[in-house]
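> Sequence lines, in order, name chains A and B. Counting from 1, position 303 in the first sequence corresponds to residue 303 in my numbering; the numbering is continuous, with no gaps. Counting from 1, position 103 in the second sequence corresponds to residue 103 in my numbering; the numbering is continuous, with no gaps.
FYI, nobody ran anything at the bench for these hints, they're computed from the structure. Glycine included, C-beta positions come from ideal geometry on N, C-alpha and C. Hints are supplied without guarantee of correctness; some may be wrong.
Not close to chain A: a few residues of chain B, all C-beta gaps over 10 Å, as computed [claimed, not checked]:
id, residue
1, A9
2, G15
3, L63
4, L164
5, R192
6, N193
7, G199
8, R203
Under 7 Å between C-beta atoms, here's a sample of chain B residues computed to sit facing chain A [unchecked claim]:
id, residue
9, V99
10, I113
11, A121
12, L254
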Amino acid sequence: MATMVQESSPGFTMNRTRWFNLALLAIVIVVLVLGGITQPQFLTPDNFIAIVRAAALIGIAAIGMTFITLSGSFVSLSTQQTAILSAILFAMALGAGWSLVPAVLVVLVAALVLGAVQGAFVALGLNSIITTLGAGAAIFGIANVITDNRTVQARSDVADFLGTARPLGVPIQVWIFVILTAITMVVLYKTTFGRMVKLVGSNRDTARASGIRVGRIILWSFVIASVFAALCGILLVAQVGQAKVLNFQGFNIQVVAAVLVGGTAIQGGAGSTLRTALGAIVIATLENYMLQAQYEEGTRLVITGAVVGIAVIAFHWVQSRRAR
Amino acid sequence: MTYRFLTPAVSARIGVLVLVFVVFTIGQPNFAGFDNIYAILEYFAFYGLVAAGIAAVMLVGELDLSVGSVAAVAGIIAVWTTGLGLIPCLLIATTMGLVYGLAQGWIIAKTGINSLVFTIATLILMRGVAFIMTPVAEIMPLERIGMSDLLKVKLWIFSPTSLLTITILVLLGLFFGFSRWGREMMAFGGARNEARAAGVNTRRPIIISFAICGSLAALAGALASVKSASAAPFSFEGLLLIAVTAALVGGISLFGGKGTMFGVAVGALTLNVLSAGIASRGAAIYVQDLSTGLVLLLVLGVEFLTESPQRRQWSERMAFRRTLKATRDTKDAVPA
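Chain A extracted, bound-state conformation (with noise of 0.2 Å):
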């Protein structure tokens, strides 16, 4: 457990996590200077707030499920699902004429109920990974039932002004995403809970041992988690102004992708929300580029996927270097 400590003394983490954030920079300059060279319509206006825009949601829910991975249960594989059925909560919630903090706060309290129950399993010490494939599943079950496929429609001024206002000329959505990544950071760095998550995530053992109560910091991560992606189910039907079952497809996918080409440590402990936000921005400004350069579908998620082999290849090598 001393070891531990020495392991991870302050100097060492900073030049790393100076490295690595640099170098996630390096890779979106890369694709921008690329991209604007290859595609005159790139590094236009429009499409950078298209980008931004795209970085917000996936950035927003990798943000929450971050908070999963640091506290070692690996990802959720229902933030697809839990997005989509809150978008289609509040979709009808608006429609029945409901005003928008009731509608929101409906909806939060839904996904902090969904989030609790598969905190509560992993917490038990089931698989996360199973847990939330199979609350998945029940979840967009749901949202089918809910819907009977069917496209919900929500007319709200107020909503539409969330999806579609932009204060100084950034769309909300982007605020809200830079908002969050700032206060996570602060409570992952200046606060208990956040060092306890990192702790939970790095040596169970020794969180147990120093009467950390393990069960709740991984149920509260999932809860946020959770909560998070139904923001993102908010801003989406905000933006849009309805919701369907087929909203969000590869999210899921999409999130992951974020959080581990971010660098979070998938053994937990290590990593932090502003770098899962930059993995947000390389996903979607690659994501976008590819859509571009009007790649076909395969070769999208071929380079997606290799993308987040690598960086789970190279960042595993790393830190087993570091252990040794």
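Fit chain B to the known structure of chain A by using the hints.
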């Protein structure tokens, strides 16, 4: 060596299977009819294969999330190569799965990366490969449609496909029950450190298990695609959920080292009877997904309550916490 076929756990599972079957037969005598049982066994032939592959990986304490994508790629390969004949096209597709599984297992064993994470990357990658191979769908030429019929010939309640699946499950059961490598894999899955100390090769079990999983997923995808005479790149997305659920229902422990192939067969059959039963009552397809998800959560709960090492740890922790609290209380009671 004795090999207990009907352990209490497996007997209980057979009981559940019979119960589910009887429940759906009530008020619907056709459910126990010849044709329906044949149809259930056809589903079993497909899901049973994949569940057995997943079970092999779970037995050594890993997981392969990429089975659906591999099945899709194999299906397209099989449809492409049907011109060579039925057996060669199945063999080619299965060989692809075998090579893929060996490579994936080798990387996981060599680097020690968590398989849950690594196979998320390969899940995306292989799905992409499927879309590159055919953007929309591959359809078998009309003159070869006879091959599909060949797989569906009725031999009493069986078809060549379901007989093949049963044979493979029996062989796998013998492999895990009696062969040296199979026993090694069980030991490795149940207690890694002890197995390592006893001199078990630490890479072989992982590589073999992923090879089994890759080839069985590929064979299942190839059989299903040839049978339906078409292969689409987006197919088999829900395969993982059903296969994992079937393996868990069949008593394969998520913690490795525990379970039998006979149990997996019973688990897959139970799940297929359940889906067939729900479908026979005219429910929409998403109700089946919903029920599979709920069954998975239910089984997880049951496994936790009955056999997980986590539960033991958990009760120990609770006991420890009570002692700690009691000690604290007495300490507080002592005047300073």
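> Confirm or reject each hint.
Here is what the structure says about each hint:
no.	hint	in the structure
1	A9	18 Å, holds
2	G15	23 Å, holds
3	L63	7 Å, violated
4	L164	28 Å, holds
5	R192	16 Å, holds
6	N193	15 Å, holds
7	G199	24 Å, holds
8	R203	16 Å, holds
9	V99	17 Å, violated
10	I113	5 Å, holds
11	A121	4 Å, holds
12	L254	5 Å, holds
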